[in-house]
Amino acid sequence: MMKINYFGKTDVGLVRPNNEDTFLIKPDMGFCLVSDGMGGAAAGELASQIFTETALKVFSADRDQSENRTVEKVKKAFRSAHERILKYVEGNPHHQGMGCTAELIAFHEQGFVIGHIGDSRIYRIRNGQFKQLTKDHSLIQDQIDRGVITPTEAKNHSLRNVILRAVGINESLALDILMGKTYAGDLFLLCSDGLTDMIDDPLISQVLYSDTALSQKTEKLVEMVLSAGGKDNITVVLAEIL
Amino acid sequence: MKYGRYEIIKELGKGGMGVVYQAHDPQIDRSVALKVLRVDRVVNEEFVLRFFKEAKFIGRLSHPNIVTVYDVGRDHGTIYIAMEYLQGEAFNEVIRSGRLNVEKIIDITLQVADALGYAHNKGIVHRDIKPSNIILTDEGGVKLTDFGIARSEDSTAAQQTQTGVILGTPFYMSPEQVMGKRVDGRSDLFSLGVILYELIVGRKPFEGDHFTAIFRAITDDIPVAPLRIDASIPPSLSDLIMKALSKNPDERFQTGKEMGDALKSCLQIKEFLLSPEKPISPKKKPVASVLIMGLMAAVVFGGAIYFFWPHINELIRKENKGESTVTESSQQGKLQDKSGNLESLSSTRVDESKPADAMLMVTSSPSQAQVYLDDSFKGKTPITLELPFGKYEVRVNLPDYYEWEAQLQINTPGKTPLHVRLIPIG
Numbered sequence: 000m001m002k003i004n005y006f007g008k009t010d011v012g013l014v015r016p017n018n019e020d021t022f023l024i025k026p027d028m029g030f031c032l033v034s035d036g037m038g039g040a041a042a043g044e045l046a047s048q049i050f051t052e053t054a055l056k057v058f059s060a061d062r063d064q065s066e067n068r069t070v071e072k073v074k075k076a077f078r079s080a081h082e083r084i085l086k087y088v089e090g091n092p093h094h095q096g097m098g099c100t101a102e103l104i105a106f107h108e109q110g111f112v113i114g115h116i117g118d119s120r121i122y123r124i125r126n127g128q129f130k131q132l133t134k135d136h137s138l139i140q141d142q143i144d145r146g147v148i149t150p151t152e153a154k155n156h157s158l159r160n161v162i163l164r165a166v167g168i169n170e171s172l173a174l175d176i177l178m179g180k181t182y183a184g185d186l187f188l189l190c191s192d193g194l195t196d197m198i199d200d201p202l203i204s205q206v207l208y209s210d211t212a213l214s215q216k217t218e219k220l221v222e223m224v225l226s227a228g229g230k231d232n233i234t235v236v237l238a239e240i241l
Numbered sequence: 000m001k002y003g004r005y006e007i008i009k010e011l012g013k014g015g016m017g018v019v020y021q022a023h024d025p026q027i028d029r030s031v032a033l034k035v036l037r038v039d040r041v042v043n044e045e046f047v048l049r050f051f052k053e054a055k056f057i058g059r060l061s062h063p064n065i066v067t068v069y070d071v072g073r074d075h076g077t078i079y080i081a082m083e084y085l086q087g088e089a090f091n092e093v094i095r096s097g098r099l100n101v102e103k104i105i106d107i108t109l110q111v112a113d114a115l116g117y118a119h120n121k122g123i124v125h126r127d128i129k130p131s132n133i134i135l136t137d138e139g140g141v142k143l144t145d146f147g148i149a150r151s152e153d154s155t156a157a158q159q160t161q162t163g164v165i166l167g168t169p170f171y172m173s174p175e176q177v178m179g180k181r182v183d184g185r186s187d188l189f190s191l192g193v194i195l196y197e198l199i200v201g202r203k204p205f206e207g208d209h210f211t212a213i214f215r216a217i218t219d220d221i222p223v224a225p226l227r228i229d230a231s232i233p234p235s236l237s238d239l240i241m242k243a244l245s246k247n248p249d250e251r252f253q254t255g256k257e258m259g260d261a262l263k264s265c266l267q268i269k270e271f272l273l274s275p276e277k278p279i280s281p282k283k284k285p286v287a288s289v290l291i292m293g294l295m296a297a298v299v300f301g302g303a304i305y306f307f308w309p310h311i312n313e314l315i316r317k318e319n320k321g322e323s324t325v326t327e328s329s330q331q332g333k334l335q336d337k338s339g340n341l342e343s344l345s346s347t348r349v350d351e352s353k354p355a356d357a358m359l360m361v362t363s364s365p366s367q368a369q370v371y372l373d374d375s376f377k378g379k380t381p382i383t384l385e386l387p388f389g390k391y392e393v394r395v396n397l398p399d400y401y402e403w404e405a406q407l408q409i410n411t412p413g414k415t416p417l418h419v420r421l422i423p424i425g
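Chains as they are written, first to last, in numbering that gives the first Met the number 0: chain A, 0 to 241; chain B, 0 to 425.
Just chain A, with the same shape it has in the complex (with noise of 0.2 Å):
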């Protein structure tokens, strides 16, 4: 098996009174993820929450890391959260709107199977590239993908925090699933929305390329968004393949 350095922080950010995202590290698992919770104060905190006990359960579950285990892992994870998030829903309706927002990557002999939903992201470095796997699932994506707005435009959109997939929210659940290879060197990045907003990719990759630990990766990143207003909660998970 791979060896793979990670590291992780979250932070509440300087507006919010509560940190809704949620991040979980397994390396004995070969998985990380990070879960941005919706539908107001104490039910975003716990749709993320029970995102990741569930992801951790279905992961203890099953040892297995070949390839095809690994994306019935993932799959189970999300679809096993989703319900779990809409039974809970059925029986305290006044959390209507409760659901999250996922993004998990896990690792297995010859490569990574992504599970996504939402509007959190996947980043990758690879030969000094700089590329977003993931494609949120929002509003204005679609939008600026139609060519009907600009991404200028989306940054002053009233609906850009519209999103259109999400983890517990409709009945059936539409999971994006992306694999691939991975090779030594390859660095991915996992967020929440909480930095994306607040700063542009040329920047987070810069604080990436730099000649730092992850420790401290992370922690720039988050002084970064916090030094430019902190609007939303920040998590940043980054997973280094040795």
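Among the hints, erroneous ones may be present.
[Stated by the list, open to error] Partial pick of chain B residues on the chain A-facing surface, computed with a CB cut under 10 Å: (1) 0; (2) 176; (3) 179; (4) 181; (5) 231; (6) 235; (7) 376.
Read the hints as simulated data drawn from the structure, not as lab findings. Bear in mind the structure is a predicted one, so any value in this text is a computation, not a measurement. Each residue gets a CB set at the ideal place from its N, CA and C atoms; glycine is no exception.
Fit chain B to the supplied structure of chain A, relying on the hints for placement.
Relative to chain A, chain B alone:
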């Protein structure tokens, strides 16, 4: 339980922003409708101040067709707003029961247009015109409620960073709202046009199986003119509705009064008003016709197998069943999980993108139809799409024509022509 001096009597309804109660005001000894905001919606002090400021503006509105706002206050860590208590039925309930005749429909729309004209003149935009915000009182009056105080699209920074999904209905939103642009009164008049279309034609002008599709329809699609769906609808009313639904606000009615005057002239067309009831229940798309179109397309379609797919449900994406394939490219299929529930995923190999395997050349008659591949807009016909082998859902859309839809299996290298002969509606 009390909020300020108001004693809660019973809950009337619940929404994404909070709860509405019937409450009693002991000072004046009258019933009020008390809207209490969900505690977590009260984001910060800036939000509270803005809420009070807007409530003050709206409290100054005095119009027979607008619900009067009496008071606002803070209690139990949240904000409440006391309004005129009405006994009646929300318009959406009345629509569902199908009890309205055309004359009544026009009359109600006219009164709402008048109320909007008045509010717009005072600088207030409603921003959420939909049937559930129009109340038909037991006394036969029409009242517009829920003027936009601190909505979810609130512009304060704290609100904007709050991730969320739209829980309400987006069917009545204007294109500029969907595109996140600044809105003025003409946005409300567009929404009123959507309601009128629905009432007269019997189905909504912009529909879709999920939010993305509805938003796209609102920004991109021109609805079929009411007259083309039902020839008994007078051209003047059909034109009025189509004008209200113009994408460009400059081409719509500019004021509530202007729209009201146009509606008044429609009331003069007695033959139509006396004609049998207009359809109120939704009309379904004629599936058989779509099938025929598909068969016609098959004649000119080579190099690919196609089969029909029932209308795709909520946000359903498809999964590549051949995950073990060496090809690292995006492919999609459909998954039914073991429990029998429809699950949806899209699987993508992201690493080394492979050159396209085939070229799908989509043409249509007439041309300039919108082409969607797996729900993603690709452009207008004629168009050539470079694609890896796989299954795709293709939709071809042109206003005033039946939508064409099929699932294609593309497994032949080189060019794959697809010609769709669109059939006009009506």
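Results for each hint:
| no. | hint | result |
| --- | --- | --- |
| 1 | 0 | 15 Å, violated |
| 2 | 176 | 8 Å, holds |
| 3 | 179 | 3 Å, holds |
| 4 | 181 | 8 Å, holds |
| 5 | 231 | 36 Å, violated |
| 6 | 235 | 32 Å, violated |
| 7 | 376 | 5 Å, holds |
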